[in-house]
Amino acid sequence: EDPDQPRRSFDEQKLEELAESVRQHGVLQPIVLRQATEEGRYVIVMGARRYRAAKRAGLRDIPAFIHAVGSTDRYVQMIENIQRDDLDAPEIAAFVADRLEQGDNQSDISRKLGKPRDWVSRYASVQSMPEFLQSKLAGSSIRAVYELYQAWREQPHAVETLCAAQESFTDAHARQLARKIRSEVRGAPADGEGPPGAQAGRSPIASPVALRPSERDGVTAIAEKPLNSLVDRNARMSPSLTIRVRHQDRMGCLLIDRLASRGSRHAVLLIDGTEEAEEVPASTVTIEEILFA
1 EDPDQPRRSF
11 DEQKLEELAE
21 SVRQHGVLQP
31 IVLRQATEEG
41 RYVIVMGARR
51 YRAAKRAGLR
61 DIPAFIHAVG
71 STDRYVQMIE
81 NIQRDDLDAP
91 EIAAFVADRL
101 EQGDNQSDIS
111 RKLGKPRDWV
121 SRYASVQSMP
131 EFLQSKLAGS
141 SIRAVYELYQ
151 AWREQPHAVE
161 TLCAAQESFT
171 DAHARQLARK
181 IRSEVRGAPA
191 DGEGPPGAQA
201 GRSPIASPVA
211 LRPSERDGVT
221 AIAEKPLNSL
231 VDRNARMSPS
241 LTIRVRHQDR
251 MGCLLIDRLA
261 SRGSRHAVLL
271 IDGTEEAEEV
281 PASTVTIEEI
291 LFA
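When we follow the UniProt record's numbering, the leftmost residue of the sequence shown carries the number 1, and every step to the right adds one.
Bear in mind the hints are in silico, worked out from the structure with no lab data behind them. Since the structure is predicted, the reported quantities are computational estimates derived from the model, not experimental observations. Heads up, a few of these hints could be off.
Okay, derived cross-link-like pairs now, SDA-like style, lysine to any residue, Cα gap no bigger than 20 Å in a straight line [claimed, not checked]:
hint	residue 1	residue 2
1	K115	R244
2	K14	G58
3	K112	E80
4	K180	Q155
5	K112	A138
6	K55	A19
7	K55	L15
8	K14	K55
9	K55	H25
10	K115	P130
11	K112	H67
12	K112	P130
13	K14	R49
14	K14	H67
15	K55	F65
16	K115	H247
17	K14	T37
18	K14	L59
19	K14	E80
20	K180	A158
21	K14	Q24
22	K55	V27
Quick list of the computed label-pair ranges, beta carbon to beta carbon [as the list claims (entries may be wrong)]:
hint	residue 1	residue 2	range
23	E167	Q13	15 to 25 Å
24	E288	D61	19 to 29 Å
25	A36	S183	52 to 62 Å
26	R56	A277	21 to 31 Å
27	E16	K180	20 to 30 Å
28	D98	Y42	20 to 30 Å
29	Q35	S261	52 to 62 Å
30	L28	A277	49 to 59 Å
31	T37	A97	18 to 28 Å
32	K180	Y42	46 to 56 Å
33	L291	R265	18 to 28 Å
The beta-carbon is built from N, C-alpha and C at its ideal position, and this holds for glycine as well.
Whenever a hint applies, use it, and build me the whole structure from the sequences.
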């Protein structure tokens, strides 16, 4: 077997069921081999589970194809396992981390696997997650854990406490909890408080504008509405919106609670797997997904 194959674990019950099927009907689909470095020996590219089941069933010979594959071996194996839905999230994350370490970027991985970039981005983030979140992948989907990870980056203690009290999360529940945590973090600050970005010079509604009489027609209600109520409403609404974006070959979130210091033609992003926000030209950002509470 290939020691570097994507699959790291085999479900014993499913393996025994497959072995029983092999005893009754034989191996119906050939495994795929490639030439090993040692002459006369071969490495399994696809079919490790069938091979193990055949051994359990007592077979000495099974059908196989010899396939000439090169540096794309890892992707061939991965695609086959993904199509069969045979891998768990930590195994996929380990593969993505290995490919990134070998020099592929997320765009390369996305293209070679035929998967969306945000799919790759979620798995790429696993290596940056704390251990308690990684352990949740055993009973929760990558999407659910990724939602909690995004919240953990803003409120680590709250998310850790939440995960200590619950074994697994559905996608919808994780999304709801993450947004609730983020809404508590981003609640409207008291007068005179809050980060620098929330001060008058950084907000488009931060300072009232005196209108000439001719300008007041039709806008009196807006102009006279207390400033604090507008800010409060904005703070209440913003946590319910998450905008997933792509910048070059990286996925991240558009930070909608602040303006770029470099002007309105720039956006503030928090790229997946990083800790610091960065400003990039708005024209280089593509919106991939808009999520509402």
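Quick rundown of the hints versus the structure:
| no. | hint | result |
| --- | --- | --- |
| 1 | K115 to R244 | holds, 16 Å |
| 2 | K14 to G58 | holds, 17 Å |
| 3 | K112 to E80 | holds, 12 Å |
| 4 | K180 to Q155 | holds, 11 Å |
| 5 | K112 to A138 | violated, 26 Å |
| 6 | K55 to A19 | holds, 8 Å |
| 7 | K55 to L15 | holds, 11 Å |
| 8 | K14 to K55 | holds, 14 Å |
| 9 | K55 to H25 | holds, 14 Å |
| 10 | K115 to P130 | violated, 25 Å |
| 11 | K112 to H67 | holds, 19 Å |
| 12 | K112 to P130 | violated, 28 Å |
| 13 | K14 to R49 | holds, 10 Å |
| 14 | K14 to H67 | violated, 27 Å |
| 15 | K55 to F65 | holds, 18 Å |
| 16 | K115 to H247 | holds, 17 Å |
| 17 | K14 to T37 | violated, 32 Å |
| 18 | K14 to L59 | holds, 18 Å |
| 19 | K14 to E80 | holds, 18 Å |
| 20 | K180 to A158 | holds, 11 Å |
| 21 | K14 to Q24 | holds, 15 Å |
| 22 | K55 to V27 | holds, 11 Å |
| 23 | E167 to Q13: 15 to 25 Å | holds, 21 Å |
| 24 | E288 to D61: 19 to 29 Å | violated, 49 Å |
| 25 | A36 to S183: 52 to 62 Å | holds, 56 Å |
| 26 | R56 to A277: 21 to 31 Å | violated, 53 Å |
| 27 | E16 to K180: 20 to 30 Å | violated, 43 Å |
| 28 | D98 to Y42: 20 to 30 Å | holds, 23 Å |
| 29 | Q35 to S261: 52 to 62 Å | holds, 57 Å |
| 30 | L28 to A277: 49 to 59 Å | holds, 54 Å |
| 31 | T37 to A97: 18 to 28 Å | holds, 25 Å |
| 32 | K180 to Y42: 46 to 56 Å | holds, 54 Å |
| 33 | L291 to R265: 18 to 28 Å | holds, 25 Å |
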